[in-house]
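Enquirer: Residue-level listing of the chains:
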Amino acid sequence: MTGPLVLGIETSCDETGVGIVRGREVLANVIASSMEEQARYGGVVPEIAARAHLEAMGPALTQALDTAGVRLQDLDAIAVTAGPGLAGALMVGVGAAKGLATALGKPLYGVNHLVGHVAADLLSLPGSPRDGAVLPTIALLVSGGHTSLLAVDDLTSGIRLLGETLDDAAGEAFDKVARLLGLPYPGGPRIDAAAVDGDPAAIRFPRGLTAAKDRAAHRYDFSFSGLKTAVARHVEGEEAAGRAVALADTAASFREAVVDVLVTKALDACAETGVPRLLLGGGVVANRRLRDVALERAERAGVAVRIPPFELCTDNGAMIAGVGAMRVAAGFPPSDLGFGVDSTLPVDAVQV
Amino acid sequence: MILAVDTSGATGVAVVGDDGSVVAERVSDDPRGHAETIGPLLAEVLAAAAGRIDAVAYGVGPGPFTGLRVGMAAARAAALALGVPELPVLSHDAIALAAIEDGAPGRFAVVTDAKRREHHVTVYSGADASGLPVRAEQPAVVGEPPALPQAGGPVRPALVGRVAALRRRAGLPADPPEARYLRSPDVTLSSARRP
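The listed protein sequences derive, respectively, from chains A and B. To convert a position in the first sequence, counted from 1, into the working numbering, add 49. Residue 96 in the working numbering sits at position 113 of the second sequence; the count goes up by one each step and never skips.
Worth flagging that the hints you see were computed from the coordinates, not collected in a lab. Incorrect hints may have been included.
If we take Cβ atoms under 7 Å as the criterion, some of the chain B residues that face chain A in the derived model are [stated by the list, open to error]:
hint : residue
1    : P47
2    : T49
3    : A57
4    : A130
5    : L165
6    : P168
Partial list, derived from the structure: chain A residues whose beta carbon lies under 8 Å from chain B [to be verified]:
hint : residue
7    : L103
8    : G107
9    : L110
10   : K147
11   : V342
12   : L386
Covered, in the sense of this in silico footprint (three residues per stretch, anywhere, with C-beta under 8 Å from a C-beta of chain A), are these stretches of chain B [to be verified]:
hint : stretch
13   : 19 to 30
14   : 63 to 73
Where is the CB? At the ideal position from N, CA and C, for every residue including glycine.
Start from the sequences, fold in the hints, and give me the full structure.
Expert: Structure (structure tokens):
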């Protein structure tokens, strides 16, 4: 395979990612996570994430170069996540990227994290070539920091935000409800495990923003804070009534509510736009129930679902390098060296 | 030549000679905007050095964390890119060197703002044979500065470079590379509910 050789740096949340791609081929994808440090706090603490990025960056860069078997001097460009994400965390990556780019005299591309998640579907891991995403597609990005529904026409200019969460991200809701249920962080896998023998229909938790009255203004938006409160009320109610909380049923019913809303709105977007393709991305894609329900309902709706390999679904540097490589290949000029981070960078801004 | 970066206050970048003489120095007057400013400033001073950098010095604080990390991340990455050693420097040492070169007599304290009505303080006992400041007490966060003559910021990046250059020439080790946060991250431990 050929194409621009690009190193990508990702530090928008709690994962320090350094990836190297040649065109669409991933040569290295190193991910260092501060999740264990975050676990004692029950969620991502921005200052802890930023401190961890600073310490992890050097080793991650060195390891990625070793794995890829390339030298920094060989690179055609550097790419870095400029947003959206945690500002202090993003700044560590941008600082490192500017240090590399200026010392090497290489062009620097500040790019969009969410576009990176979509671009992940274009990439191939070593030894397992894949056909890249078929466009246009609807994309559902679900992680600890994001819950976004996107209409992707092409990756250079045409990404439209259809809707996003108005409060908690889906992954965040899993973390918060895990805490309510006395389960440790991160909540996703813990709730999955607790839900194994549970009845997803045992408790009818609310599906946020799915009522008829929300359809006009928030058809594709999400809200999980009401769901979290409903779980809290349920737990309190059971305790007040002197009953033990049925952990498996509660976990399964909560998870079902999240998955139901995500899949229903995503397939609604496919139907409304006439695009029979759905791309799933983000760390919550690791959730087995989400994948199963999405695949099952999509098949019935005649929608083809694509899910990139898991290491490209979670936050990673290869997807950022991938966006950079597309920008280079399409002839876009690099970003001005004076660009800053933008914690709320809109998804239609592919590059800053 | 040594490339020097310090973002413990404003964004500052310099190139100094092996004897610590200033070749180029750029300091932003914006106390924020480190992530933006570091790029153009690095590009400017590196153009002045024209490929003759053999080490990268950087200030490790103390200073506001978010800005401090930008310079440290950039400097470490630049050292990796150039294939040259890192020479970390306690940022207060640069202020102390300036005070000594201005004739500070004997014992004095470098005092910078730590916010929340506190100060970052490092106490110095004077200069050693190489003219480098000698720390009598390591940096700390204190409410009241000690009753000593005071020296304060801003940190000049060229003096971070000069501390590194003089140390290297005298065969002295650099400072540890870790950021001197001097405070724990502000977090409240979550109390897990037990149903």
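Enquirer: Decide, hint by hint, whether the structure agrees.
Expert: Here's how the hints hold up against the structure:
no. : hint     : verdict
1   : P47      : violated, 10 Å
2   : T49      : holds, 5 Å
3   : A57      : holds, 3 Å
4   : A130     : violated, 33 Å
5   : L165     : violated, 13 Å
6   : P168     : holds, 4 Å
7   : L103     : holds, 5 Å
8   : G107     : holds, 5 Å
9   : L110     : holds, 6 Å
10  : K147     : holds, 4 Å
11  : V342     : violated, 26 Å
12  : L386     : holds, 3 Å
13  : 19 to 30 : holds (count 8)
14  : 63 to 73 : holds (count 3)
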